[in-house]
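**Student:** Chains as they are written, first to last, in this note's numbering: chain L, 462 to 795; chain E, -14 to 320.
Quick caveat, the hints were computed from the structure, so don't treat them as lab data.
Don't take every hint at face value.
[To be verified] Just so you have them, the derived chain E footprint on chain L, three or more residues with Cβ under 8 Å:
| no. | region |
| --- | --- |
| 1 | 561 to 567 |
| 2 | 570 to 582 |
| 3 | 674 to 680 |
| 4 | 683 to 692 |
Keep in mind it's a predicted model, so treat the numbers as computed, not measured.
Where a beta carbon is used, it is the ideal one built from N, C-alpha and C, also for glycine.
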Amino acid sequence: MISKIVNYSLLLNFLVLAITGTTRFFVPFSLSLSRLHILTGFCLAILVALHLKGKGRYYLKIISQKSEKAKKPSSGFLLGLTAAWLLFWVVAWKGWPVAEQLINLGYEARNRAHIFRPSPDVARRSEGAIIEVAKRTEEDTRLWIDLEWTEDFGDSEPPVIAIWAESKNGTLIETVFLSEELSFADEVPWGINETNTRRKYILPIWRHRYSIVSGINPDGEIDLTSGATPKHEFTLSTNLQSKDEPFTLYAEINRSADPNEVWEDQPSVIYAVRLNPTDIQSYYLLKLIGHAGGDSTTDGMLNYDLSSLTSSKKLVERILVKVDWLALEKEVEE
Amino acid sequence: MNLGRWMGVVIALVVASIVLAYLSLKRWTHLTGSTMGTTYQIHFEHNGYVGLSGLERDIEVLLQSINQELSTWNKDSWISEFNNSAVGVEVAVPDHVWKVLQCSLVIAEASGGAFNPASLGLTELWGFGAQKIEVRDLPSLATIQETVRQSDIGNLSLNEANQSLKKLSSGLQMDTSALTKGYAVDQIAAILERSDLQNFSIEIGGEVRVSGKDPNDRAWEVRLQVPVGYPHSAPVVVLDQQSIATSGGGQNYIQIEDALYTHIIDPRTGYPITRDQSLFSVSVISPACMISDALATACFVLGVEGSEVLMREFPNCEVRFILHERTPSHLVRNR
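Could you put the whole structure together from the sequences, leaning on the hints where they help?
**Tutor:** Laid out in structure tokens, this is it:
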């Protein structure tokens, strides 16, 4: 009876593992899918162990010298088979030809321009109504951002948010935070009907700025420009370790299905603050400066008239930034 | 073979055919990053058989080696060490430097000295170099003239036979940044072409090279940057197996008293081109980005009329000017 349960469960779990593994290859990252795949993998490992335990004697007979009736594979055959699997795992692990080509067929390889992953030196934590982001340089943590919503959204989806830094000439330096829902595809479910919507309609200002990183403009086209060479690096670490490079921190926030008398769905709102290494202060509050309604989805420009917005202006309690300028002062003196 | 085995073989063949067909489909890959103090974008079409990680690695290694040889911002680069070398000491020249230098000397001669790969001394004098000297007052005329004299290209002695170089004056400082990005673009194009990639675009810091068609199967279009408040839409050029490079004041300038001095210095006089002059930028279109890059700088120094003379030496190139004036002003030469 137990062996029947184990065998049946093996079959079911194997099917789920195969389906989730294959699906994971072709669609954007999904935490639920990954969770199902991983936990099914654990279960499969346990079931295989139980299966081997139940069939232990049978397999021992197969490889035992004493069995004459069993068709025993030769040692050479077993060795060759093991070597073949080892080679397969090495090729897969290292991404050598064939493995690389097959993996490049997957969703992540084909859509890398749209997938956002924060830099490894950025840490983030969300708890209740608070989001915390910290950015390290080689020396230590230099930048902390605390965002507090006006309410704890609990089980309902919180607003989506992008936080990024721009240089003095308005070029995006680094995106330090992007909501997970927007991180893996340029089109995501959005609104009451969960319609597939491009990021340029959800966070238009950030998406326009992000074109320089992705190489693709918000309409999905390559945008080639020839002009005087802009001096630029895609890391905030340079600004945080320099006395000469001020930058502006922006946060763009949007809540799905948020209508009012003027808007069918209120546009995203933008908060900003300018940070200058020569500032005496270490703490800054981002201020609400505009919204991204109207033509913003086309031209990526801010609208400064906030009078038509209602609830969207009240999503954020505060966005507090701390920069360790004092540590920078000491380094420069040294 | 029984039915089960036949079924297995058929299924395996079908799966293999589907995978092979999918591998043969063309798709676009977009690479972006930072190099040489600026940004780059590379877009190319390929099928699934192309080893992308190998290609990326080759490009990364190339950019690092170019920086290691030619970056004046890197104290350990070949060019920095050459600039610190003693007068009269013959130094072997690595390949990237040699190729860039050969092109530089051709453009230097053709432009009558308006382009000079040995003018780092002037760049540093005006505060635009790696030393980041803060310049609040005009350097003295004597200092400028002495630096111009030390930067004379005649103070560079080449030995073609053994690919070596020596300085004949202690003040000579090499700087090929005016065409290094264009050179890097051409080298990346060579990597892509060696992998049989036909449709691609490469851009480093505003210097662009294209091949074939864009993802919409159309000829590549490149917008030219225009000044803030420009009363017309940005000009668009259509390129076919060509490169375009642009030289202009951009955001890199210093203010001394009431004048704004760009980072582009006329090696003949030792003075930077000022921003109050009518020329905003010069773009040159040619088959090779390194040539476009060097010619764009030379033409910016020479201005509109001086460029006419220079461009007669390069009949397969085209130049476009964008002026600060309010009238439509992009002029086309050599076409």
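**Student:** Evaluate each hint against the coordinates.
**Tutor:** Comparing the hints with the structure gives:
1. Counting residues of the region 561 to 567 of chain L whose C-beta lies closer than 8 Å to any C-beta of chain E gives 5; at least three are required, and the coverage claim holds.
2. Using a Cβ-Cβ cut-off of 8 Å, 4 residues of the region 570 to 582 of chain L lie near chain E, which meets the minimum of three, so the contact claim holds.
3. Only when three residues or more bring their CB closer than 8 Å to a CB of chain E does the claim for the region 674 to 680 of chain L stand; here the count is 4, and the claim holds.
4. For the region 683 to 692 of chain L, the stated coverage by chain E is satisfied: 10 residues place a CB nearer than 8 Å to a CB of that chain, which reaches the threshold of 3.
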